[in-house]
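Novice: Sequence:
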Amino acid sequence: MAIREAGVVDWTGRFEELTAREAALAGDELDELGQAAWFVGQDDVSVRAWERAHLRYLDDGDLSSAVRCVFWLGFTLSERGDEVRGGAWMGRLMELCARDDATPVTEAVRALCIAHGAFARGDVEAAVPLLRQAVERADAAADVDTFTLATMSLGRALMMAGRIDDAIRELDRVMLLIADGRVSDRAAGPAYCAVIASLLGRGDVERARVWTRELGDWCDSQQGLEPFRGECTLHRANVLQLGGEWQAATTAAEEVCATEKRSETLANAWYRAADLHRVAGRPTAARQALRQAAALGRAVQPGLALLSRDAGDLAGAWAGLESARAAAVEPAVRAEVLAAAVRVALDRGRLSDAAAAAHELSACATAFDTLYLRGLSSRADGELALAQGRAAEALPLLRASWAAWRRIDAPYEAALTRVAIGAAIRAIGDAEGAELEFDAARGVLEGLGAIPDLARLERVAAAAPVAASDPGLSRREREVLALVSRGWSNRRIAEHLFLSERTVARHVGSILAKLGVPSRSAATAYAFEHDLAAAR
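Under this note's numbering, think of the first position of the sequence shown as 69, with each following residue one higher.
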């Protein structure tokens, strides 16, 4: 077996050692070579080793181990998109399991494969009892790996069937088994990724955050690991973005874009990178990343619609969201599409469209009941009430949304909600309270570098909109404004332009006065809105 030192398994070293004497390996060593090759990304060697291992096991009369090799052959080939060969090996597995010398272990594996077939076809009602049977047989056979994979699949099937509490109970069971060290590495990796993907798909950010850390630790303990590394990093990017660590999230997403081989994971990484570029006010980079995601077959809503909204193309944004609403099935994605539809409809002044989307979003949040979905839904309902002139009714909804974002440590979403709270407070006559909310939101959005949302905040907060005409800035003032919009301090600007800090401060004051805005962040937003951020 691979050597584990200080909690780390050196799969690269083990692969090299086993490959050097491959011709003389026994069945169990060929089996381990198959796993080591899979973990270090040597897929052809993995297939060859497991094929030979299963034959060697059969010669030795060890049917259970032969079936295990065939199972992982079929699984890994299918995961790589080779459905033809994967299906052929699953057919071979069924032949072996039908032999007279079948064992409780082979019966459990056979039950899992039959159940998974129903699940893969989308027949959830048939899959649930079959998966329960597979769990029971694996438990009776004391086959922890098969038990873990069957329980994981059962949890996913129950979630798809809308039986959320039962699903979470099964998924938590899987993660505790892995955390206890009772599951082999070859089963732990797929189980980790499938469970976290299910949680994120439901919008269960709290659980996903915990298990993503666990998955990261597990990946770090597998030296040379290639499968799961990209998915692990991408899950981490999702969690980091929600937590306001945008630079770290961008680095993680771009790492996956540069190294990932699996098309589905790569497409999701490009979409995540696009969304991070969008919220930071980098529309060109965002569109390029969305093109990459779309080329790989990934749906690009609501990201594309929100990018169109930032550019002022509300009709295009709405058209994209309408088609996405008809296609989105996964709860978190559907909720995000609906939340974007509410925002765009309100921007267009279409209150009936906003109300319809908010109603759908509320139903989604009620059905899947996570803080993330409740936060989206409460904010949408509050923004709709505010637009309808019901500010007093909007406030408790918006504050409930803000409380949800605080609980799951989502500063960006919390800041957006505080902008709406400020508008509602101002609508009921509390101008000073509104400014406090705007200031709090401004501080968070400035810290994140959320340029498009800062621009929207300043439009909401301003007593009168900034004129779009030429504000009469001098050439030097335009240079200073461009550097202010990059977040540079007066000292850094002074050094760059060979000016004194006092002179820079005077230019900044003049810029604010000419633009009619109250702060550097408002000037930054103006610069991006009017293409002055890149001035020289």
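Honestly, the hints are just simulated from the structure, not real lab data.
Take these hints with a grain of salt, some might be off.
Derived Cβ-Cβ restraints for the label pairs, each shown as a range [unchecked claim]:
id, residue 1, residue 2, range
1, E85, G155, 19 to 25 angstroms
2, E503, A194, 40 to 46 angstroms
3, R153, R250, 28 to 34 angstroms
4, S420, G155, 47 to 53 angstroms
5, E332, A194, 42 to 48 angstroms
These numbers were taken from a predicted model, which means no experiment stands behind them.
Glycine is no exception: its CB is placed at the ideal position from the N, C-alpha and C atoms.
Novice: Each hint needs a verdict: does it hold in this structure or not?
Specialist: Against the structure, the hints:
1. E85 <-> G155: 19 to 25 angstroms: The hinted range 19 to 25 angstroms is violated for E85 and G155, with Cβ atoms some 33 angstroms apart.
2. E503 <-> A194: 40 to 46 angstroms: violated (59 angstroms)
3. R153 <-> R250: 28 to 34 angstroms: Cβ of R153 to Cβ of R250: about 31 angstroms, so the range 28 to 34 angstroms holds.
4. S420 <-> G155: 47 to 53 angstroms: holds (49 angstroms)
5. E332 <-> A194: 42 to 48 angstroms: Violated, at about 25 angstroms.
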